[in-house]
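**Student:** Two chains, two frames, some hints: make the complex.
Spelled out, the chains give:
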Amino acid sequence: MDFLNAHLLSLILFFPTLAALVMLFLPSKRVGLLRWYAFLVSLVPLALSILLWFQFDPSREGFQFEERYIWYAALHSSLHLGVDGLSLTMVLLTTLLTPLAILASFSITDRVKAYMILFLLLETGMLGVFLALDLLIFFVFWEVGLVPMYFLINQWGSANRDYASLKFMIYTMGGSLGLLLSIQLLGVLFQTYDLPELYKAWNALTEGTLLGMSVSTVKTIAFWAFVIAFAIKVPVWPFHTWLPDAHTEAPTAGSMILAGVLLKLGAYGFLRLVLPLYPLEARMYAGALALLATAAIVFGAFGSYAQNDFKRLVAYSSVNHMGFVVLGIAAAALAAGTADARIALNGAILQMFNHGLSAAGMFFLVGVIYERTHTRNLNELGGLFPLVPVYGGILIFTSMASLGLPGLNGFVSEFLVVRGAYPVLTSYTAISMLGLLFTGAYILKAIRQVLHGPLNEHWAHGEHRLTEMTPREIVVMAPLMALILLIGVWPSWILKVINEAVMRLF
Amino acid sequence: MTTETILWLIPLPPLLAFFLIVLFTNRWRGLSHSLAIGAAFLSWLGSMAVFVRAVGTHELGRHPFTQSIPWLPTADTWLRIGVYLDPLGAAVLFFVAWTILMIFIYSVGYHNYGQPQGDHDVKGLPPHGATVKDAHGHAHKVPSVEPMYSRFFAFISLFAFGMYLLVVSDNLLTLFVGWEIMGLCSYLLIGFWYGKPSARDAAVKAFMTTRIGDVFMLLGIAFLYSATGSLSFATIFREDVLHTLASVPTPILGLSAAGLISLLLFIGTVGKSAQWPLHVWLPDAMEGPTPVSAMIHAATMVSAGVYAVIRMFPLLRLDAGTMSIVAFIGAFTALFAATIAVAQNDIKRVLAYSTISQLGYMIAAAGIGAYVAAAFHLITHAFFKALLFLGSGSVIHGMEHGVLHTGEHIDPQNMFNMGGLRKKMPITFWTFLIGGFALAGFPLVTAGFWSKDEILADAFGHGHLAVFLTLAVAAFLTAFYTMRQITLTFLGEPRTKAAEHAQETPWTMTLPLIVLAIFAVAYGWVGIPEHFPILGGVVPNWFHEFVGSTLSEMPEAAPFNWVPLLTSLLVSLGGLGLGWWVYRGVRTVEEDKFQIPVLKNKWYFDEAYTFLFVRPSYWFAEKVVYLALDKGLIDGVLHTIGRSAAVIGTALRTYIDKAIINETIGDGTAKVVKSSGAELRPIQSGRLQQYMVASLLAFLLITALLYYFLVLA
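Top line first, the protein sequences correspond to chains D and U. Just so we're aligned: the first sequence equals residues 579 to 1084 in the working numbering. Just so we're aligned: the second sequence equals residues 34 to 746 in the working numbering.
Only chain U is shown next, with the shape it has when bound in the complex (with noise of 0.2 Å):
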């Protein structure tokens, strides 16, 4: 087969796995997860196969296998849509395919495949667990598999076709396509159990936030597509394309054309990938299960954001003004979500935060230019934070264990309930150190801090400094709430009984994990910089000259600087230093002295988004739009027409019709007619002289009258 039709089959599988599911299999969960599964396999070998030939192509970056077909007659034209794979795809098709087969393996356990059904679980709810009796007839309480199992993966294939379909398309359209699919699968799968409140208001606030962005992205495809007439990759970055844009003023900001539908498309992004202003909703998202928090907070949703940043990097570079914005917004979250981190105690929640400030290193490293270390640091954060994902839904799974058996009622996701789970859950306990330690960037061993370092690296390489010093405080954090996490839930003894009695989980969790480490260590090792001390040189920096490759002229790598890697080393190894030393004794919540309010609610920002946004518009269409202005003024006026219709009629019919007509004319008549007879009845006599008399006068009355008129005059 063509890698061009290896491309187009790409997304399929997990999309006729969606509807197999859906349509047929969903009572059948082993049928319905092979299914699944399957699908997953097929795509990620079509991805490897494209990916082997990609890497092996000459001038990728200039020859891309591309292919396309005429889909919407737009007058004289057709829009076309197509397959599109530059190195810069390759290389994201890469971990897409990896983490998203890993996870759905992850998700047969998790969802507790092969227990026995709840005894009281209904759909919409987590599973409480099921009694079972052992050979000696004690009964026990084990988990109980997910009620909705099948549906779960329906809705994650449908989501991984989203995924695939976004990064294999040639154009804007598509990945439009693709982009909206993810965010309605976020949607049912953040509300997957759609019982619980919560979930259910989280579902809809991902969605709405999201959305935001997604009409302001609509609105950049809409005027690039009437500036260029195409949509496709390969005609907007022509030079003379992009050369056109840049020189086109708009009203707005003093931006070029360019400038302004970056800016555009860069709040979808901002949206999709939890970019402060718009970051409220991802630990919210953490309602759903936890496979679905790994899919959207690592392998695909939130990077797909990152990665439409770094596709339309060409034109959003034409712009200095767009790109300082999304230097400053990346960065700006970056710490912000950081300082957050430091104070949740939800063990999901704090990798939510340190998701949407890794998000925010990508789009500053892509604000500063710095176009290969953003590529490369969403590549190793893909695989270490679905690491982390997955690691700390094995800590729940076991921590859920522990409590079914002990019957304690605690929340097994607050890592203040956690404790000494390295001895129960050992391989957990150790990829998760992994992927923290790559988070953290714990140097030279970890991707983390590759990736990172390049970053810090171009950004004082460049003269960024700001950027520089911001990004490297949020490194120091970063580093620290890491170690707090480890050491909270992995080190120590445990605090609670359920944790004592916590339990590693099945191999179709752990194999994940242990796969997802191992990249999560040697992804780093393929962009070591040429002119790093010692290590640098000994292995070619592949990454960077692949897919630098895909810009139209080899970015330049930041040259060598003590000044970025000694600050690398020092936050990283300091953050997670500190962290061990302040949390090792920590027993309760109260000994926290990191619970700083502000920091605990978020800096009050969902508080605030509420009171400013969220009940005005519903006061608005109330009160505003429906009951005044609908109710109100428009049916008012109508009703007053109508009424004074009515009016206008009785008054027609009291005055005119009744007075004139009826009693003046119509009755009047009668009236007359009718006294004029009783006056004149008296004549009628039968009387045959008074007949005679009245002849006689009339006659001469009508003689005189006769003679006066025709003679007289």
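The shape of chain D in the complex, shown without the other chains (with noise of 0.2 Å):
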């Protein structure tokens, strides 16, 4: 047990990797045992990580559960892992979504085992990003997520994967550039890579020259770099459009985990670095942020609105629901140390979690009905709820959590969100509600297709008929449900650990 508790963060960090390395050696024609193997495999950070949620103390200062390893000692980079209230939901998000996401795929049938080898290599690679406390590690985990992915993308997606995958990679990709270098600056300054001695050590320079030009100056630019890498993330308008494509096209499973944990990479850069390293330029540049992420909200709304492709439609609602998250943190930038700032974030941080369930579940649910019938397209479905009605009820239940309704997650973080950004942006957050308008119109839009109105016959008879729910498929979606409803109705479990962590970091 003190052994587990030492090495809990590198347990559920590394766990999945070494479990890739041992399917290597699996037999790659046995797919059902690979597929049971990758899933079984995946539960265990998920164990970890909900002991982990148990064994931490959210009244505590800091971060917990720390480990350091040498790394490359040369650049005064170590392997230096903890968590905190923040970290530790994303942790939480992300362990839970893989398996739901492996299990989603069992439906999966070519090159199975090396589909399952690089999606437990993601997890290591997205919860190495959340789990980092040294940027140099950071920034490589921040890259390494990204190889399988595109290769999810390249491999396994549909018809327009190539541009899809290509523009996912090279976009991000190209975000990062500016990143790497600050994050080179900030090393080479101060001789060291990690994340609480920067966090003293940057702030604590606020006068003299560097490289010529004044510390102003080059933090300004710096802000910058962190921030455009993270906006490509998370993504901020105008940087979005390579979400619909890289969603779009990514198999099921991978849109999954690309809009329930990948998105929330960027949120998390601003409130780990963005916030805590740049306050002032952060607070400057804030109405820019937030004029941004309204646009985000209103854009993402019409955008989405405007679609007749399900899986589309699906991927604009991201940008629509991660603008609030970006709402919420530009407003804590402006209001910083404030009740305002922090009923902000808490509303922010809490929208991260929940759009990752209620995101991940539209996914699935859009993936179901495309494995049936190879269409996406919203005008060939139709009156579809008496043929399937147990999932014409979990679709429903799923777009009211994404559409916001009260007594289900959405509206909880958003109406924190709305709550702590009125004060200090008024007007922005007077013109998102008419993003949260037009949630409904897109939301009601598809259920509308989908479900309603006179039954398209084609899906009724013979071949083509539609069929149920299977009840792997009711699995994926049932954690989700439950923790949709239950943090509309109770969210003080999970919002007592990211409040005190707000509480402490801002």
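Calculated from the structure, these hints are not laboratory results. All C-beta atoms in this analysis are idealised placements derived from N, C-alpha and C, irrespective of residue type, glycine included. Incorrect hints may appear among the rest.
[What the hints assert, rightly or not] Simulated coverage check for chain U against chain D, where a stretch passes if three residues somewhere in it have a Cβ under 8 Å from a Cβ of chain D:
#: 1; region: 208-217
#: 2; region: 222-230
#: 3; region: 235-241
**Tutor:** So, in structure tokens, the structure goes:
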């Protein structure tokens, strides 16, 4: 038990990779074995994170379960891991969604072994970002996560996958260039990449010149380098166009993880790095960030409303929902230290978790219908409710979570963001209500086109007859739905952890 | 159990019933409706218990029953949620509990429980009837049971949960939660027969229109919360908090913070209570099954909007600007909707517009500060309008029976296909008559008279003459279209074979009608003004005393005046009389002189909204945001960058790599080596003499150079 507690984070982090290495030696032909193996091993990090959740003490200052190993001594970079309430929530989300995504992938029949290995590697990549307390390690995992996702889209995606995967890869990497340079700057300057130390040192540096420029200029440039990298990942309008393509072309489970976790990496970057490292710059440019967030909320909703492709519609909804996260961050940057800022951040972080649940659920449900009908065109569906009542009920439930219906999770976080942002960013908050209105429009459009209306007879008879969700598919949805309802009705179990972290950090 | 504990428990049974039906019992109709009705009964029981205790509590207005728990951590504080019961809440809870229970019982009969499965019924469409053989072997068409019977009870249970939650809430947040849950249920129930394109569209329309109000309301809640740090009524309505809110100015319309917050919250009500200009969803909502109409349009959802306004009255009244807006919207809606109702032929649509109009009354009453009158009309209206909707459902049900029996292809909801139903459906007729007269404000015996009269008296007494006149004209129109409806439906002779074969509905449907009819008459007696001629003071004006004590200072009852009373009598009796006189002999729709196109088409609001909002927003979404911005501009820039990178790369390769490095340096070097090799080849002849001569020459050359550099230099 002591060993477990002392190495909990590295176990969570590297277990998927070890499992992936073992998987190399499993026979490729035994598809069933590969699937179950991948699913079962992915439950281990989940179990460990649940353990971590209960062992974690929200009221303690600073990072917990810290571990530090020598990694690259010459560069003063070490494998420094640790969690606080912020990263803990994201770790839980990641380890929860990965087994569900793997379970959702049981319908994959092509090169199962490679697929599952990539998924496990992806999990390590994502977890690394959340657990890293060393900037260089952060960056390494940030990039490591890209590679498996690239191949998942490129190899298992649908028709336009080459374009989408390339756009995804190049865009994200393009964004990280500035990030890498800025990280180098910090590392060279302070001879360390250790985050807790950098927080102090970098913020203490306010005067003088660096590289022939004033410190404030350098900080501003570095700030924007960080912001652009993370803004692309979130994505903030107008850096969002990679997202609909990547989400639409990715295989179902890929979209689940992409929307559920990968987008959160960007928002996490804002919270872990941008706000603590650049409080002044963040405050100065909060207005610009809020403008872009509002644009994401409004244009994301309109963009979604314009779609006739079910999956693309859901993809655009992510732009809309993540806009609220960024709006909360902008409000917090502007009003740092006040109750408004903390409420906005509570909302933003909870919205990250909530969007992870509902977006993963929505993508999965799109996948369920696509696997059966081989179309995502909303105009070719219609009136399917009587054929698949269970699916219909689950779809309505999940869409309502996405719509932000009170009583389900999305409402709590959106309400907190709106409450926090209203006093400091009144006009932007008011304009973002237009986005909230059209969230309703696109969600209802989807339900109307898929479930309601006259039945499209094509799906009612013969070989095209639509079949109800299988027990496996219901099992994928069940934990998501349970959490959606639980957070909607009793949010304080998770919000308490987030709130404590926010109180200490900001 | 303490009253607070009961309050916590009241909303729960219907919620539990919803989950049980959806998850487990949806295959068994009887079990499902037993669960739903049992749950509604438990909630009813709890409500009655707390109502009795509330009435018996001294100074409940000052010391309401309340209890709260921490729910949401917000920085250093917690947002608390809880239950709250003051006199207003108790009065509202009373009518909500009764109407909900009645509607649940009615639904059993309405959805043909106990009837056979339909011949061709499918889920998502109304039942079409079943063929049965009687003892003599004759085939009959009879009504068939609703194919989604259990689902209906699940949905209305969730709906009931939403309403109860809203009423017992001690804060705006859970009130909003209940509010939105009802919004969802109304969407699901209006679109209950989702196979019909009209129902599907009506459902979306209802949800979206009310959502417009809801986002404003959310903004108002956020504003109020940030301004006061609390959402609980007890805190918001404290004198000092109200005072602060009233004195903080805002940049919008010159309103104070209190004014702007109440305006934002009021826009939520405009959507939910279907006030102009967001009224368009309610008539279309008639696509849902009739008990739903009663539920949405009488007992719960639309009442919730008015309840919210009355609940927020202490805040609302702080700003005269907002009050005027509220009064205007209410009075205008009351008249506007009444004009449309005159020209409608669908029995339920008449009631729908009448509901909009009556809600306008309540809103106008709140706007002129007639707090008690607004609450009174809210409650009497809930009873008689629920009665009328259920009555119209009973009529339609009877007509459908006739339609199935005769095989006629007519619309069973069109009043011009009815006539003479009083003989066929006596219970429905008499109860509908009571409801209709209450709606028309028939003097003295009906509840509607007392509540409407109080509003008129208040408007007149406090000098709101414009509101008074508008409402008086609206009241005249109300009496007129009500009598038109009763005359066309029940009086005269049957206009169709189906109407001849209409049949009284089963007891599950008539019993709720009778119960509601009792309230539609008797509830008026609890609010007879003290100074009313003869009757005044015989029974105490309990309603005014009780509900009025909710406010920190008891509102003054308007002084008695003959002008509003006579107006009230005149418009009510005049309207009823004229309605009967005009329609007593009308046989066909062509003979109806009031089929005025502009009224029939509802002042063209649907068309205008489609043209102004619906189509432009889709155009904006698709053409501007998606195609022009995302696909055109943003992706265009990205693709340009991508293409330029490719162009630069190609250029580098063609002009630098290939031309300079490869051809000049790389290939060039090789060429020089190769050609010089070729040039030099002749000297490697293999002849020894030649090599000796070359060596000698080289030796001489080196010696000469060395001599030159070392000796001479």
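**Student:** Please go over all the hints and tell whether each is borne out by the structure.
**Tutor:** Evaluated hints:
With a cut-off of 8 Å between beta carbons, the region 208-217 of chain U has 6 residues touching chain D; three or more are needed, and the interface restraint holds. Counting residues of the region 222-230 of chain U whose beta carbon lies closer than 8 Å to any beta carbon of chain D gives 4, which reaches the threshold of three, so the coverage claim holds. Requiring three or more residues with a Cβ within less than 8 Å of a Cβ of chain D, the coverage given for the region 235-241 of chain U holds, as 4 such residues are present.
No hint from the list above goes unmet by this structure.
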